[in-house]
Amino acid sequence: MHPFNYVAPVTVKEAIDILEKHGDRARPLAGGTDLLVQARGNKWDLDAVVDVKKIPEAMQLDVSNNGLTIGAGVPCYQIYDHEKIKSDYPGIVDGAFIIGGIQIQSRAAIGGNLCNAAPSGDAICPLIVYDATANIAGPSGNRDVSVEDFCVGPGKTVLKNGELLVSISVPKPPSGFGAAYERFIPRNEMDIAVAAVAVSVTLDNSGTNFESVRIALASVGPTPIFATKASNSLKGKSINESSISEAAAIAKDESSPISDMRGTIEHRKQLIEVITKRMLNEAVKRARG
Amino acid sequence: MANTNIHITTTINGQPYEFLAPSYMSLLDALREIVGLTGTKEGCLDGNCGACTVNVDGRIVDSCLVLAAEIDGCEVETVEGMASSEGLHPLQKAFLEEAALQCGICTPGFLVAAKGLLDNEPNPSEHRIRHWLAGNLCRCTGYDKIVKAVQKVSSEG
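One line per chain: the protein sequences are A and B, in this order.
Its first residue numbered 1, the first sequence is counted upward by one per residue in the working numbering.
Its first residue numbered 1001, the second sequence is counted upward by one per residue in the working numbering.
Because the hints were derived from the structure by calculation, they are not lab data.
Don't take each hint at face value.
What the hints assert, rightly or not - Computed from the model, here is a short list of chain B residues facing chain A with C-beta under 7 angstroms:
(1) Leu1065
(2) Cys1103
(3) Gly1104
(4) Ala1134
C-beta: ideal position from N, C-alpha, C; glycine also.
Assemble the whole structure, with the sequences as input and the hints as a guide.
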């Protein structure tokens, strides 16, 4: 491992200055559960790690009438231990609860999971279906990017030199909203998704029709995938087995997995169809309370 | 920017400590090589096995995935802090009585992790215990004896 310096700035500005100065020889440190493993594995030759956990904006966790704000360094356990988040954002909790074991969840951050940009990142698809936004600060100012556009390849994000993910904003779900996330793994815990699906639905006032739907797929492409065709296929449709099956078949077509040690292309595509159906039903159940 | 030593002030097992550690050194290495507490074990070095589990500010963590620099100002508990002048911690006794270890390399991690559970939830279900300990691997016992030992202490509590 390349010996790196440790800096713990207390302002976003300070962090950006350090990141800009070092370019790709510096990385932000949130929980460290990916970064330190990657540094040891020589994925990065780092001169500096920039700990974001002393920056107040990166550690905020706020639920208000406008929605949920998750600082980029907030660890998973704070998400699933939060009563209001559990009741109002269960789909986000579904992801936070299955990232690693308890030790990992003490440190690993939702923002870190997003910046690590693994196609299997369990926090990412839930954020996509909640229509979340990444709040980025950088040398030339702040900008917002939809989470569905944040990852651009395996381990690659839209972040440019000197830019820092400060927080994630999740809009307050409308009435008639429900969301859920589930992955398939051959073990009970502590594994990486073979395939996974997040779904959010907004039902109309009657509770029998889909008003809008968002479906996101993990581990079946170079990035987490926002399955727009499958999502749009349910707009205005009545909630029944055939509309759900049809959407699941489209989601299967929108996935583009590879075969690797975790599963084959055929297995993964089959899983996407099955889990999409399951999550649509679960999200509808949650929407109906 | 050359790497530097970081000045760390911390509490370990209730005792104040002050030391210098290289900026890239893990908490695990600092505990073992600088502080001299070798009860915490190195296993996989990537967060899978939990052998290096310690408690930082009331939360169990893999000390291989925390930098020593990050624990400045924190309270750390290791396996060495479990026994008191009155004897072994109830979990340590239960591990012995239930034969919840063979080679022992995973045991400090399991003990610290189990304590982290029982400190907050004195009577967890078997499912909860197994879920909580999923981040600790043991290649000897098959886990049942470990779970039984934790259950023994929780039912006594």
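Do the hints match the structure? See the list:
no.	hint	in the structure
1	Leu1065	5 angstroms, holds
2	Cys1103	21 angstroms, violated
3	Gly1104	19 angstroms, violated
4	Ala1134	4 angstroms, holds
Going down the numbered hints, you'll see the structure goes against 2 and 3, while the others check out.
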